[in-house]
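Asks: Could you put the whole structure together from the sequences, leaning on the hints where they help?
Protein chains: 2
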Amino acid sequence: MEDALYGMIGKIKAQPGKRAELIALLSGGAADMPGCIAYLIAEDLGDADGIWITEVWKSKQFHADSLKLPAVRDAIARGRPLIAGFETHVETRPVNGAAR
Amino acid sequence: MEDALYGMIGKIKAQPGKRAELIALLSGGAADMPGCIAYLIAEDLGDADGIWITEVWKSKQFHADSLKLPAVRDAIARGRPLIAGFETHVETRPVNGAAR
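Those protein sequences? They're chains A and B, same order as listed. According to this note's numbering, the stretch in the first sequence is residues -10 to 89, in order. According to this note's numbering, the stretch in the second sequence is residues -10 to 89, in order.
Some hints here could point you the wrong way.
Note that the list lumps identical chains together, so a pair holds whenever it fits in one copy or between two copies.
As a list, the in silico EDC-like pairs of lysine to aspartate or glutamate whose alpha-carbon atoms are at most 20 Å apart [as the list claims (entries may be wrong)]:
{"id": "1", "residue 1": "49", "residue 2": "36"}
{"id": "2", "residue 1": "57", "residue 2": "76"}
{"id": "3", "residue 1": "0", "residue 2": "76"}
{"id": "4", "residue 1": "49", "residue 2": "80"}
Read the hints as simulated data drawn from the structure, not as lab findings.
Replies: Set out below in structure tokens:
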């Protein structure tokens, strides 16, 4: 049986004035992750420090494995001081994986 | 100047037991909308009636125009009785539009 798609939707609150820097880090760290179908980053128009991330993975395991990738670990380590907190964090089962 | 990308992230709460039916409607109504770069639908793993939608549009105008499309108007009309409410609704400026 094919694994179900796995997804996450979350809001990260950057430290004041650090949103652009954090987004640059997230974009770089997320490049070329195996099993990652979508990794959409968006600025919250109503919150100058808010970042929304929508992730779609081929399976939950691919996401778990991504956290061991050196590029991802590095991005997490460098991003941590730029993060004020996490507001929304939802696990999902994506119904359609691909953007058009 | 090129228009900025426009996005939305929202959570829809389906009437009890109506999530699958509502997702089918949303998927059909969202097919082939001009200017729509991504329309990701996901079930909330922690809420049996919760649906998350992440949208990326070429501009805010394309989204506004989509609401006039017959297929979209039809999906909205048929979906309304299946919807219990809207929980999260955020406007965004997507930073990266495409899934990989």
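Asks: With reference to the structure, classify each hint as holding or not holding.
Replies: So, going through the hints one by one against the coordinates:
1. 49 / 36: Cα proximity of residue 49 and residue 36: across copies only (18 Å, versus 30 Å in one copy).
2. 57 / 76: neither (24 Å within a copy, 34 Å between copies)
3. 0 / 76: both (5 Å within a copy, 15 Å between copies)
4. 49 / 80: within (10 Å within a copy, 28 Å between copies)
This entry does not satisfy hint 2, going by the numbered hints stated previously; all others are met.
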